Every structure is written in structure tokens, then in C-alpha cells.
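Once you've looked at the hints, dock chain V against the given chain X.
Residue numbers (my numbering), protein chains in the order written: chain X, 4 to 436; chain V, 785 to 1100.
Any given hint could be a false lead.
Said to hold, decoys possible - Sample of chain X residues with no beta-carbon within 10 Å of chain V, all distances over it, derived: (1) L105; (2) I114; (3) R134; (4) L144; (5) F227; (6) M302; (7) L316; (8) R344; (9) R347; (10) T385; (11) W390; (12) L410; (13) P420.
Said to hold, decoys possible - A few chain X residues facing chain V, derived, Cβ under 7 Å: (14) G315; (15) L319; (16) L329; (17) G337; (18) M372; (19) Y374.
Simulated from the structure, these hints should not be mistaken for lab results.
As the structure is a prediction and not an experimental result, all values here were calculated from the model.
Backbone N, C-alpha and C define an ideal beta-carbon position, used for all residues, glycine too.
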Amino acid sequence: MSTPAPAAARSVSQADATRPSPLRLYGLWVAAAVVLAVLPYVLRAPAAVPVVNQMGIAVVFALSYNMLLGQGGMLSFGHAVYFGFGGFFAAHALNLAARQGLWLPVPLVPIMGGLGGLLFAAVVGSFSTNRAGTVFAMISLGIAEMMAASSLIFDRFFGGEEGITTNRAKAASLGGLSFTTDRDVYYLIAFWALVSAGVMYGFSRTPAGRMANAVRDNPERAEFVGYSQRWVRYVSFCASGLFAGVAGGLFAVNYEILTAENMGLGASGAVLLMTYIGGIGTFAGPILGAIVFTFLQSMLSDYTSVWLLYLGLVFLAVVLFVPFGLAGVLAMHGPASRNRRLGRLVGPYAAAAAVMLIAVIGLIGCLEMVYFFVSAPAGQVTKRLFWLTVNVRTATPWLAFLALIVLGGLGMRWAGPRAAAAFADANLQHPDR
Amino acid sequence: MLELVFFSTLNGLVYGTLLFMLASGLTLIFGMMGVLNFAHAAFYMLGAYFAYTISLYTGFWPGLVVAPLAVGLLGALTERYGLRLVHRFGHVAELIFTFGVAIVIGEIVQLVWGRPAKSYEVPAVLDFPLFQLFRSSFPAYKAFMLGISAAIFLFLFAILTRTRAGLIIQASLTHPGTVGMLGHNVPRIFMIVFGIGSALAGLAGVIAGPVLGTFPGMAQVLGSIVFVVVVIGGLGSLTGAFVASVLIGIVQTFAVALNISVGGVASAVGIPVESLPALHDLWRVTVAQVAPILPYVLLVLVLIVRPTGLFGTRES
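The shape of chain X in the complex, shown without the other chains:
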């Protein structure tokens, strides 16, 4: 039996059953706004604000990607093209504004980015949304490769290998706002991220957004209801391009430089990774994925040079074991929480987490030793790993870390089924309801 995107189907079902109170409707958004407003005052570390800025951009980008993958069922391998195109568009607009050719204050630059993304999506979508599935995925890959190669040919617009630089300080000011520090830019990004997320959430509740779900699940039936599946996909595609462009515009304002790399296959792969890790079945999934991915990216790269390998392994583990993503896992615990049985899960989960940690430590130890063994300067044989100093030319540390992997793996065979059984038990309908 084929069950296409089981997690994705859930996003439609729970809505509209009862009309929730205004507090429930808007409370979350107001809370998000308050958190975003005070966040820079809570974060004391100087390096934190740039990371949060990066997260904000990634959130908008990942949400726009999920409009395609999660809500529209269109797997794209070239979403960074619209991000990059919007970014280049915004950077050129900002440069034009700096030369007094255009009145464009910095806070409105993301709109220019959105227009750029929308423009390009409207062109590409006119032929790529004819079909979904493999054909759509392959066209998106083709367009991505074409743009990657074109960006080196058309260097008036893409700036060749150096890219396009811009300067946000030279544009016109709006109401005396200036954007000199990371914190100023933070508020700009936070504002646009919140607005974009709100509009994208709103879009998923409109008839157009609902029809995107319908076309994803069963295009034939949607056609019988009287909707053109092509047109529905086209509308989703353009909206997705618009918000990818907004994210690109935010990127242009934040980093003041755009290169061909921003629209390459690597960037497109990253947005697929973060969206899928977060979970494509819920609206909050990509937000969570973007935050976790950016955090891992900036933290791990400080500690290890093989961080992309760890990220890839995490991604594989998510695809293999929790295809609903992180947000999907949280959502799965809804029934247990309503049954007030979450407490029963703590013990089995802690046991499973403990044995998994043992295996992960073993794996990290082995991979880091391999890396050190291959690329350490000649003559250097000891490495600091976790809390020990190990000599990679002796067998003991290798055997020890391998033993940890085996031990953790065996432990998982014991603890895994127990955690699953506890989960199933906690989800059973409560007897007195």
C-alpha cells in the first residue's frame, strides 16, 4: 500500500473542527512578537545576534520551501534560485538607491527581493508546474544547474565569481531609522520574518492553500471539483518564490554581498535538509528545522571540521527513523499529553537516550580519530577528544570507541522497543473519557 507523505496529510485534518477563541488564534503570534522584541536584550553573547539573524533568514526561506514540498507536494532541488534571484534583485535595487536613482529605504528592500523572486518564479512556474512528481523535481534541478552556470556567464547581473556587493548605509532613511549594528538589522529581520510567517500561515488557510493540499493528495479529484491542478500549483509556486525572494532580500541587507554560491545546488540542498529535519507535515516544522540547522551549522563548525558529515548523518537518521521530522515527533505526543500520561514516558525515553548517547559518543570518537589520522600534521599523534587525550597510533582508543558503538547499539535493541511500547501505551484512549 502506498502512503504518500503520511505526516503531510495531518496538516489539513485538525483545523476548522471548532472555531478557537481569539486568544488561541492570535496568542501564539503575539507571544512570538514579544519574544522576538526582547530577545536581543536576553542574549548577552556578542556572537549570538548574527546567528539569530541568520536563523531569521533561514526560517523565512524554509517556510517558503515548505509551501512547495509540504503543502503542495512539489519536491524542488533548486529553491535557492529564487532566494538568490531575489537577493541579487534587492542588492541591485539597494545600489541604485545609493546612487539616488530610486527612493528605497532599507526596511523596504526585502519587498524588492520578493518581487525579484516572484518575477522569476512566475516565468519558471509557467512551464515547470505542468506536472508534479519526478518531472517537476527534474525541471527544478535543470533550472538550478542552468542558473549556477549562467551566474558565471552573465557577470553584469551576478557579478561573476566575486558576486555583487552593496551598502545599506547609503540608502535613504525612513523616519530616521538607521541600520548600522547587527541589532538594528535584527529588528528588521525579525519584523519581516514575523510578517512573512504570518502571511504564509494565512495563505495555508485560504482556499488557494487548501486546494494546494488537495492537489498534493489527489490531483484527479481536485480536477473533478473544478480546479485546474496546474493553476493551483502555479499559484503556490509563485507565492513560494515570492517569500524565497523576501528571504534573499533579507540576506542582501544583512550580509551586503551576494555570490553565485547563494543560488547554487548546495544552498538548495541545505533548505531541503533543514525543512525535512524540522518536519514537512506541520507549519511549525520548517521553523524548528531552520533554527536547529542554523544552530548546528554555527556551533558544530566551531568544534569540528567534519560538521557537514554529522549533519548528513542526522539527516539520514531523520529520514530513516522519524520521517515526520522533529515537529512531527512533538505533534505525535499530543494524545499522550491530553491523556496526562507524558510522565510515564520519561523513564523509557531517558534509558533510550542514554544508550543512544553512548553509541553517538563512540561514533564521534571514531570519526574524529579518522579525521585526525588522515589530516593531522606529520609527527603529531595525540589528540584531545572529549575529556581525554588519546594517541591515535595505538589500538586502545579505537577499540574503546568501537566498543562504545557496539554497546550503545546493543542497548538500543533493548531500550528502543521499551520506549516504543511506552509510547503506544501512553497514547491509548484514557478509560474515563
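Using the frame of chain X, we list chain V on its own:
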């Protein structure tokens, strides 16, 4: 001119048949499981690196046999313990899984062998010009590549159409349910085909490594092109894959050899394009510069006009 045409055709054939070795496995795997295997080019890269490491100890020739076998085994394991588990979550999950495998293999290659290119060399026995025509010569190693590719093509064709095992494979391409009813272990057939496809990709890596370079980006260089070949030829069609491989191979080698720009042609005909400076970049572009884009333009055009590909019968 004749020299250019002759050598471009020969080089195009060598490149095209190499593409076919990758594309044949990919299209068979797709035909069977409906999965476009993103990790295919990663297996090709692994083949080259395995053979390089083997060649350090024993020379070129043992690697030609051992490396593809090892890659094939890895491929079969990937299918058995990875892809098969993801299968129940649908095709998108399978596609995304292979995408993840490609990333992880790429990173492991960088971890184990490092970033710089490896000096994986053409064996000394084959390191001489085979013949000389006009002012250019044709290396013997390229003829060897052509020979291996042709042999693989004939071998595959014979196996698939002349043996019982080939008939079962062909039947499970279109009617997996019926083949299962007849008592064949279809999941095991899937695993074997995945393994053979990966081994072919590994073999392509072994023989291409010395010519196209053995470096961590080699999977990306060929990966997308192979997709183009498989899609243009028609997903699941071996004949289509062969025709499209040779077509793409020849188109690309010819395009690289030509140095004509749109603006140059236009001014030769008498159209004053230089009066439109806004499109300056466009006029200056030469065919050689466009060569890397051509396969993708072809891909998008084919998908728009005929989504089943040239020889295919279905879209997904």
C-alpha cells in the same frame, strides 16, 4: 575542420559511453523501484577512490575488478538496510534518503582521502598515443575506455534479453506483483539490481578516475549530467539511456570545441547588436561558454515537450 570533427566525435563517443555506464544502472534502478538514485554518482566516486587506494599497493589492474565489486556490495547493503526501510514512507522519502546518502558519502570521501585531488594515474601499459592523425593523437587509454564501455553494453544487453535472470528482471520492472506471485523474491531482485547498478557506477569511476580526475567534487561534475541522460532517454529505458548518453556526449564535446558567439554571428549577418548595450553579456557569450548549460536546456525542453523522454513510456 575535419580533424576537429573526427576527434570531437571520438571524444564524444568515449564520454558518451562512460555516461552510459552510469546511466544504465540508474535507469534500471529507476525502472524497478521508481526511485531516482541521487547517490549513484557518489558510488561512481567511491569506485575511483577505492581503485586509487588499491592501485597504490597492487597497480591498476586488480582495482578494475575489486573496486566495482566492493562498491556493488556497498550499494546492495544501502538498499537492504536503508532504502527498503524508507520504502513505506513513499517515493519522496526514498528520493530524499538517497540525497542524504550522497551527502554522507561525499563527506566520508573528504574525511578519509582529504580534499586535494589524488594522483590516480593511467596504467603505464596504456600510456601511449594509439594513433596520430593530422596534428592530434588519440591516447590508447581512451580506446580502452571505449572498449570496456562497449563490452559492458553488450554484456548487459545479452544478460537482459537472453538469460532467464534477465527475463525475471525485465518482468519485475513492469509487473513486480506478478513476479512475486510466481515465487520470485522481488525484494532480493531489487537488492541485486541495486548492487549491480552501483557496481557499474563504481566501474565507471575506476576507468574515468585517471582521465577526469579523482577529487571530492567528481560526483557533482557527472551526477546531474547522468540525471539529464536518464530523463532525456526516458526513465527506465536502456535503449533511451544509450542514445541519450551518446547524444549528450557528442553535443558537449562539440560545443566545447566551437568558439562562436551570438553577437559574432549577428554582426556577420549584418545585424548591429552592439547598439543594444543592455544585453551586452548576452552577445558576448560563446558556444563554448554555454556548453555546460546545454544538457540542462535540453533536459528542460524535453520535459516540457515530452515528459516521458525520448524512449520512455511513463513519467514517474
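Under the constraints set out in the numbered hints, which ones does this structure not fulfil? Going through the list in order, the structure violates hints 3, 4, 7, 16, 17 and 18 and respects the others.
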